[in-house]
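Here are the chains, one letter per residue:
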Amino acid sequence: MNRLNTQISGIRLDNPFILASGILDENGYTMKRVLDEGAAAVVTKSIGISERSGYRTPVVVEIDGRNMINAIGLANPGIDNFGEEMKIARESMKPVIGSVFGSTAEEFAQLSMKMEAYGASAIELNLSCPHVKGFGQEVGSDPDLVESIVGEVKRSVKIPVFAKLSPNISDMLEIAKAAEKADAYVLINTVKAMAIDIYARMPVLSNSFGGLSGPCIKPVGIRYVYEVKRETGKEIIGVGGIRTGEDALEYIMAGASCVEIGTAVHSDGRDIFKKLSLETGNIMKSEKIESIGEIIGAAIRR
Amino acid sequence: MNRLNTQISGIRLDNPFILASGILDENGYTMKRVLDEGAAAVVTKSIGISERSGYRTPVVVEIDGRNMINAIGLANPGIDNFGEEMKIARESMKPVIGSVFGSTAEEFAQLSMKMEAYGASAIELNLSCPHVKGFGQEVGSDPDLVESIVGEVKRSVKIPVFAKLSPNISDMLEIAKAAEKADAYVLINTVKAMAIDIYARMPVLSNSFGGLSGPCIKPVGIRYVYEVKRETGKEIIGVGGIRTGEDALEYIMAGASCVEIGTAVHSDGRDIFKKLSLETGNIMKSEKIESIGEIIGAAIRR
Amino acid sequence: MMHSEVIDVEDNTPTVKTIYFEWKQEAKPGQFIMAWVPGTGEIPISLSSTDTIKSITVKSYGPASDAITKLKRGSRIFFRGPYGRPFSTVSGPALLIGGGSGMASLRPLITKDTDAIVSARTAAELLFSDRIMGGKLFEVTDDGSAGIRGNPIDALSTIDLEKYKMTYVCGPEIMLKKVFDFLNRSQIRAEFAMERLMKCGIGVCDSCSVDGFQLCRDGSIFSIEELRGMTEFGRTKLTESGKRIYLNY
Amino acid sequence: MMHSEVIDVEDNTPTVKTIYFEWKQEAKPGQFIMAWVPGTGEIPISLSSTDTIKSITVKSYGPASDAITKLKRGSRIFFRGPYGRPFSTVSGPALLIGGGSGMASLRPLITKDTDAIVSARTAAELLFSDRIMGGKLFEVTDDGSAGIRGNPIDALSTIDLEKYKMTYVCGPEIMLKKVFDFLNRSQIRAEFAMERLMKCGIGVCDSCSVDGFQLCRDGSIFSIEELRGMTEFGRTKLTESGKRIYLNY
Ligand SMILES: Cc1cc2nc3c(=O)[nH]c(=O)nc-3n(C[C@H](O)[C@H](O)[C@H](O)COP(=O)(O)OP(=O)(O)OC[C@H]3O[C@@H](n4cnc5c(N)ncnc54)[C@H](O)[C@@H]3O)c2cc1C
Ligand SMILES: Cc1cc2nc3c(=O)[nH]c(=O)nc-3n(C[C@H](O)[C@H](O)[C@H](O)COP(=O)(O)OP(=O)(O)OC[C@H]3O[C@@H](n4cnc5c(N)ncnc54)[C@H](O)[C@@H]3O)c2cc1C
Ligand SMILES: Cc1cc2nc3c(=O)[nH]c(=O)nc-3n(C[C@H](O)[C@H](O)[C@H](O)COP(=O)(O)O)c2cc1C
Ligand SMILES: Cc1cc2nc3c(=O)[nH]c(=O)nc-3n(C[C@H](O)[C@H](O)[C@H](O)COP(=O)(O)O)c2cc1C
Ligand code: FES
Ligand code: FES
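Residue numbers (the working numbering), protein chains in the order written: chain Z, 1 to 302; chain B, 1 to 302; chain U, 1 to 249; chain V, 1 to 249.
Derived by calculation from the structure, the hints in this document are not laboratory data.
We put the CB at the ideal spot given by N, CA and C, even for glycine.
Certain hints may be false.
Derived BS3-like pairs (lysine-lysine); straight-line CA-CA distance at most 27 Å [said to hold, decoys possible]:
1. Lys136/U x Lys72/U
2. Lys275/B x Lys177/U
3. Lys177/U x Lys285/B
4. Lys288/Z x Lys72/V
Stretch-level coverage of chain Z by chain U, calculated; a stretch enters the list once three of its residues show a Cβ under 8 Å from a Cβ in chain U [unchecked claim]:
5. 72 to 81
6. 152 to 160
7. 281 to 293
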């Protein structure tokens, strides 16, 4: 047994590094390649009921080479067109986690059942998409809605269900509680942000607003993982700004069982997965840490 | 008239650069020096009713040299001990804005009246301190409390009142509305965050949690300034991650009338104020912008 | 986002213009930029000159490319980059095979030693054939209004390819595939500049991928050996939504 | 935060220890680090050696400094830095004036050419007087248990200061002020290492300021000329809460 092995909700992972939703996971061949090149698992792009082209370009702004703001606009082929990509990705024989988004509990349940049928190893509920009822609010900031989504999806599928929460809220613990039927939390999604080009006198993204990701948001992600782990004790998948083995161990010591990698794929390329395993293994060795399990939440002070 | 001149709620400023609350503004001599060295105005450290030593060290963590997480813990000498510092700072003959924090409307009003008596040019209400009623929440996430604080302070003083809002909330527009009696908004305060040292297996700050500031949070600040300006049309002081003339103009085009500078004093020293005026003036010149007023909110799309 | 002032605009064909601007950044033939038209869109465009004065050569297909062709001297051009893996440079004779606006990315490779097959729908759309200096020029048009009527293969099959150190190919994927199939039989060294939908340009959105490689990062230049192993090349691609469609030839 | 392994611990006086650790970072005499004891606190400590093997020399005053003096060989030391403006280096004879643990920051300045006034409350607390090599040593104790009974001025007034290229002073502010007042009459070049409460160490919290200068950034070394203009030096300072108090001598 390798010291990098870990597991999340019973799903065994060769290493703690999972490709985050929305990055290189629209095309089955790409997911397969990312898995073959070292990721322990991938999360698919968030898939909805119907086909969407997403926002007009620009859909990303780079910030300082390592961070970015994106507003892809939930482009996706619709769940019915996603079977072939799942099939191709699953040729890798590693876990493929299906991310889904919707605006009602029924939609989420329907999407999750189809993902399960496509062979997903788990469902990740993207609870950060815009929510029609509240103005400018996200599905994930309405505790009642979150509770009914998670409940409905748990009743509909047998595979583990992960609730991915948004940091753009006053009180994540309230939302985490509402989502407590989930098998694990995924923390965090992007932080709402904007970039203006002063020479064009205009926001860069066609949608004006987008989600900030990359090292910038790591301290925010660490905070939430720590706080939610300390208060709920539940399994957590950490995500936000991880680029190095130290970053990954910081999330794990804050309470994550494994982590997802998004923006670092831009700054470091797909090689990031091999690099992270190497760096993390080396630090663990020199710090005499025999297994990931041994240090999950190790930094939590009570 | 210089193209850098601007004003906020009738207070004339030589340039749009104000020292942010909590940075080099505990000692009157320091405030005076910062003003003499080029800041248009300073905001004092947030002052409360009674003396507080703040948290044990470490109270700051540097991140990548330019960003930081701080948990100073509202150290302050208490309003009654702050008169001498105000007197020393005011020798500069430039505006000194008094920042105050409390937990009730009465406290805020009392503090504001004393600040006015000390000769403050305006009051900045720090609405981001911990709030006892809600668990883990901030004063600034309770719209009713915000409304009563702003109302009470406005009734108590004649000088302009600025409401400084926290980004750690689901819906800033709701809070901005609650604070609409304020003369201007100050956006944003720090983003709640944490850093863990994996070799110590412990959060670095003695308080575990702190506030993230620096270039990392600029895209978040821009987002809020833009959104609040677009929806309310009120005057705004932008703050969060400003280090360059481009950053300042980005805030101004998002809707700010002037900006505050905090963490950049660490990365660039007190010289930052001169540097910012120089850079901003140069860009304005080459972009043929004759005055700050001309471009406030220029990037807003409706 | 960077910006620069347009210093010259050149009409190349009725639908294609070349926009010149100063940009000191080092860049190599085959690399591209993401050009932004504020309020309209952002699109990938190859650099058609890679000196200190850079250029892009753009065909008007839709809103963004059209807006770029309307830029005037003194306008501002916004962009980011350079992105992508460039063409390999070789010394000695080379052959360029360009289809339509595909000649744009090949232009910086033109030397006295390069022969070229320039193809287009019709004579007026032949791009940069006037730039081929020294080397042999083969013109090909769909309608026969200039040079050979047909497609680049009709020219290719008349040429002795052994003498070239490298063959560079750029054009619509259907053309690349035909050229690839033709050259695949031989031992010829060749590189292909591929075009697919690009949203991010920086290797995260997956919209430009072929067989798990991101055109914007691992490409857009691929060698013939690399293409050999690809399942998706010339066969399937994803639309803007991520829906898989089949290219039909 | 950085960390390193303690490679040696040296007892200097009953209350002072020197902790050695490897840190390749370049650092200069007069600079300091913020040393962190996880779970206890973080405090500014001068570097008492500035070679590849660095050291800090710490007196136990309270929780954090006490914990540092309890570090053992093989323990981990956590720190950030180096911070502060260093002493100017001069060639030629120099005089060191150290009070109590103040000798710590002066130690890296010791050469064959340096004379030193080492002062402490009592003989056992005289720090690094055994390190003065070559130069003249003047010991001063409050209780007269070694050397001159009194304070550094009592030694200073017996010395011909003209021969020194530089006088370096480090100790409690009250001592600095006395030495400053004494030297102020002369044309002597002198630099003073000041100590004030430090919370951030990086020029933002304002707790270490004197006359608008941040000790952690503009100091903690100030020249005698710089001190001349200061209103706060030796007179007032702020406590942990920011309350202004008067230093009484
Ligand atoms: C790496 C790379 C380099 C490129 N370099 C150049 C270049 O140097 N010069 C250049 O002119 N173009 C180049 N392109 C193509 C260019 O990016 C597209 O033409 C552009 O994205 C069209 O955007 P639009 O908003 O103007 O039109 P859209 O609204 O996107 O398209 C309008 C219509 O035209 C069709 N269309 C768009 N582009 C093409 C195309 N290239 N071929 C055929 N049909 C098309 C669309 O399918 C649609 O039907 C390059 C593309 C890539 C990926
Ligand atoms: C730039 C700089 C360099 C320094 N270099 C050194 C050094 O090389 N070696 C060293 O031993 N110390 C040095 N100090 C002093 C050191 O930082 C303090 O001793 C330390 O902060 C005490 O922290 P504590 O938590 O142990 O005790 P605290 O709880 O902070 O203090 C305990 C008690 O001791 C008193 N006290 C604390 N420090 C001192 C002091 N220096 N003098 C007199 N009384 C004090 C306090 O007022 C309190 O009453 C330096 C300080 C600065 C600003
Ligand atoms: C281009 C891009 C697209 C994204 N799309 C999605 C998505 O479809 N669903 C989702 O849950 N998160 C999405 N995210 C968020 C990431 O999964 C991740 O939570 C976030 O980027 C923080 O991690 P990072 O800093 O490692 O990128 C996207 C992020 C980026 C950068
Ligand atoms: C060390 C430190 C102390 C701060 N103290 C206060 C404070 O007392 N009151 C307040 O309203 N904001 C305080 N802030 C927040 C700043 O005023 C500012 O809103 C924030 O740092 C973002 O700006 P910046 O990125 O330019 O630093 C503090 C920030 C820092 C870094
Ligand atoms: S354009 Fe987004 S991955 Fe290539
Ligand atoms: S210790 Fe904070 S400013 Fe010097």
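Consistency of the hints with the structure:
1. Our distance criterion of 27 Å between C-alpha atoms is broken by Lys136/U and Lys72/U, whose separation comes to about 34 Å.
2. At roughly 56 Å between alpha-carbon atoms, Lys275/B and Lys177/U are farther apart than 27 Å, so this suggested pair is violated.
3. At roughly 52 Å between alpha-carbon atoms, Lys177/U and Lys285/B are farther apart than 27 Å, so this suggested pair is violated.
4. For the suggested pair Lys288/Z and Lys72/V, the alpha carbons sit about 20 Å apart, so the restraint of at most 27 Å is met.
5. Taking a C-beta to C-beta cut-off of 8 Å, the segment 72 to 81 of chain Z contributes 6 residues in contact with chain U, enough for the three needed, and the coverage statement holds.
6. Judged by the Cβ-Cβ criterion of 8 Å, the segment 152 to 160 of chain Z is not covered by chain U as claimed, because only 0 of its residues qualify and three are needed.
7. Restraint check on the segment 281 to 293 of chain Z versus chain U: 0 residues with Cβ-Cβ distances below 8 Å, three needed, restraint violated.
Hints 1, 2, 3, 6, 7 from the earlier list are contradicted by this structure; the remaining hints agree with it.
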